[in-house]
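Q: Sequence:
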Amino acid sequence: MSTQTPESFEWTDLDRRAVDTARLLAADAVQKVGNGHPGTAMSLAPAAYTIFQKVMKHDPADPEWTGRDRFVLSPGHTSLTLYTQLFLAGYELELDDLKAFRTQGSKTPGHPEYGHTAGVETTTGPLGQGAANAVGMAMAARYERGLFDPEAPEGTSPFDHTIWAIVSDGDLEEGVSSEASSLAGHQKLGNLVFLYDDNHISIEGDTETAFSEDVLKRYEAYGWHTQRIEPTADGDVDVPALHAALEAAKAETGRPSIIAMRTIIAWPAPTAQNTEASHGSALGDEEIAATKRVLGFDPEQTFEVSDEVLRHARRALDRGAEAHAAWDKKIAEWRTAQPERAELFDRVSKGELPEGWQDALPVFEEGASVATRAASGKILQALGPVLPELWGGSADLAGSNNTTIDKTSSFLPEGNPLPEANPYGRTVHFGIREFSMAAEMNGIALHGNTRIYGGTFLVFSDYMRNAVRMSALMQLPVTYVWTHDSIGLGEDGPTHQPVEHLASLRAIPGLNVVRPADANETAIAWAEILKRHATDPAPHGLALTRQGVPTYAPNEDAAKGGYVLADSSTEVPEVIIMATGSEVQLAMAARDALEAEGTGTRVVSMPCVEWFDQQPAAYRESVLPAAVKARVAVEAGIGLTWYRYVGDAGRIVSLEHFGASADANALFAEYGFTPENVADAARTSLAAARA
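Here our numbering is used: the first residue of the sequence shown is 351, the next is one more, and so on.
Because the hints were derived from the structure by calculation, they are not lab data. Note that the coordinates shown come from a computational prediction; the quantities given were computed from them, not determined experimentally. Built from N, CA and C at the ideal position, the CB exists for glycine as well. Be a bit skeptical, because a hint or two may be false.
As the list claims (entries may be wrong) - Derived DEER-like restraints, expressed as beta-carbon distance ranges:
id, residue 1, residue 2, range
1, Ala676, Arg994, 55 to 63 angstroms
2, Ala676, Glu558, 46 to 54 angstroms
3, Asp635, Ala884, 43 to 51 angstroms
4, Asp842, Pro581, 51 to 59 angstroms
5, Gly525, Pro859, 19 to 27 angstroms
6, Gly765, Gln454, 50 to 58 angstroms
Said to hold, decoys possible - Here are the simulated DSBU-like pairs of lysine-lysine, each with C-alpha atoms no more than 35 angstroms apart in a straight line:
id, residue 1, residue 2
7, Lys680, Lys700
8, Lys600, Lys679
9, Lys449, Lys382
10, Lys881, Lys700
11, Lys700, Lys679
12, Lys679, Lys881
13, Lys757, Lys881
14, Lys728, Lys881
15, Lys600, Lys680
16, Lys600, Lys757
17, Lys910, Lys979
18, Lys757, Lys910
19, Lys600, Lys700
20, Lys700, Lys728
21, Lys910, Lys728
22, Lys680, Lys881
23, Lys728, Lys757
24, Lys910, Lys881
Assemble the whole structure, with the sequences as input and the hints as a guide.
A: Encoded structure:
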């Protein structure tokens, strides 16, 4: 889509009429359903229209075109800001979809949802995360360029594009946006533009109630390029000034840009404008009719869209086709000049893995004591050379999380003084910003054409939780590397010892929590996660030990989530002990004691209950036969996960309280994580099953 320069910028009566149409569509849609957020959609209509019609490179006929710019509406509650532009530009939305706003099964839910409505790049949901998603997209765009076209002069590559985001007061009040914006400035993400809707209104009234900082000085301190535009004398958006600011922001490629745009919420509604009521309530029939009269529309009509306006706005389809064709020509030239990189691009864009990639996976010596976090680090370093699309890092805990995929290559901008700094580097330093790391990872996954992971301690998943929830809601193939997974981390004490976290994370629908028993299970888990990236996309959380654990012979059935690690000496086991992670060794030792007593005992390693539950019923029955009622589950966390697996006669060896600052072995012994206690639990379960 060709953009207009400030000198050639045109704003016709039809453009103005299209903007006013969008304002009134928003008002009518909220009024029809009886709830929603009309005010911001009305005041933002000129800005959104300018981005979609005058500035942004996109193709409504192909919403997933690789060469497109990205648009993020971080204040998702003003979803009609986006829906009206998608309708006008010629995406899949039609007028009936706007009439069905916020109703069951419609393409226009209350907040935009990724994968549900064409043209929606992310489910922003709670405020602040859209800003961080946009930062992640900008990071991914730079890494993608480094994979496929790093030598091209600036602005000449088919992989050069801009990330546009509208952010609100609420977004900028949320801490996650501060984390992400700080990183964006540090990374000098010159492909990122924020348009800040400075409307001075929140649910509780004037933002003076809670928000009075100088936002642009704050962003200047982050290292951003800043601009401000004021409204026209009558209170509307100064569109020529806005267009010039957007073009200047796009031209600033050495740092991210933010434009503070003062708006009057619900403009030009005669009595509702500049009121908190217009933020989250329907305006009312009389106010909407009065607004239509102000704008020269028929107050008796609803959802009025003239054929002339629609034809004018849908010229975006022609401009998109033109831009797409120009990109196709450029990408064809690139393919001719870079055949090996073109082959890589084709593989990566399909989500495929290279032939023989699994040969790079290490196999760990049986019997050796290896921390699963250390095994994960060795796996990442082994996979790095064969999977260039795999990248990631840690929230300043790389040495503990073992997430450094390449010590010689850090994702850092030109000008960074570190010797390993490379704008296309492999290892990401997210900084001590766990929440934004997760939200940025979501943005990276949404952007596409790379595979991202990020690490921190399992206990800090609390900081990340809502972004992890959004990963699951969108079914994004991101990988969280959570280490120090239990009281086994020892002396750091209860503030750092996760107790409720495994069960809490398993409660998130669509998140697969993987707690491998040993180094070989860790390798099999990483392989399964990589295989699922395209075929069954979902977020995964690896929960890994700080301490060394015994290494068992590799068993590919670990990829099924649960399998028989050691079987009973009897044809039908008398008791089953299931365990995860570092507690599997306790189950194995307890089995030895029970078998010595003549009790047939099966040990089931259950690294991922979500994977196990996806298996056919016959397989699950072969591992956990319903006829065997004596069962024990062992995990160093609360036992909530395990009641459905152990049944009425079963017993759970768990931790139902916080830990303490002490040696890990001492804590395990004190809290009953010993082979003897596990064997006693099995005997108790056997007695209950026989009663």
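Q: Verify the proposed pairing of Lys600 with Lys679, using a straight-line Cα cut of 35 angstroms.
A: 23 angstroms, holds
Q: Assess, step by step, whether the Cα of Lys600 is no farther than 35 angstroms from the Cα of Lys757, and give holds or violated.
A: 33 angstroms, holds
Q: What's the verdict on Lys910 and Lys979, does the C-alpha distance respect the 35 angstroms limit or exceed it?
A: 22 angstroms, holds
Q: Sort out whether Lys700 lies within 35 angstroms of Lys600, counting only the CA atoms.
A: Holds, at roughly 30 angstroms.
Q: Tell me if the straight-line CA distance from Lys757 to Lys910 falls inside 35 angstroms.
A: 33 angstroms, holds
Q: For the pair we were handed, Lys700 and Lys728, check the Cα-Cα distance against 35 angstroms.
A: Satisfied, since the Cα-Cα distance of roughly 27 angstroms is no more than 35 angstroms.
Q: Could you tell me whether the CB distance from Gly525 to Pro859 stays inside 19 to 27 angstroms?
A: 26 angstroms, holds
Q: Take a quick look at whether Lys680 and Lys881 sit within 35 angstroms of each other, Cα to Cα.
A: Given that 35 angstroms is the threshold and the Cα spacing comes to 32 angstroms, the pair holds.
Q: Is the straight-line distance between the alpha-carbon of Lys680 and that of Lys700 35 angstroms or less?
A: The hint holds at about 20 angstroms.
Q: Hint check: Lys728 vs Lys881, CA-CA at most 35 angstroms. Holds or violated?
A: Measuring from Cα to Cα gives roughly 19 angstroms; hence the hint holds.
Q: Do Ala676 and Glu558 keep their Cβ atoms within the hinted range of 46 to 54 angstroms?
A: Holds: the Cβ-Cβ distance is about 48 angstroms, inside 46 to 54 angstroms.
Q: Within a Cα-Cα threshold of 35 angstroms, do Lys910 and Lys728 meet the stated pairing?
A: Holds - the C-alpha atoms of Lys728 and Lys910 are around 23 angstroms apart, at most 35 angstroms.
Violation of the numbered hints given earlier is absent; every hint is satisfied by the structure.
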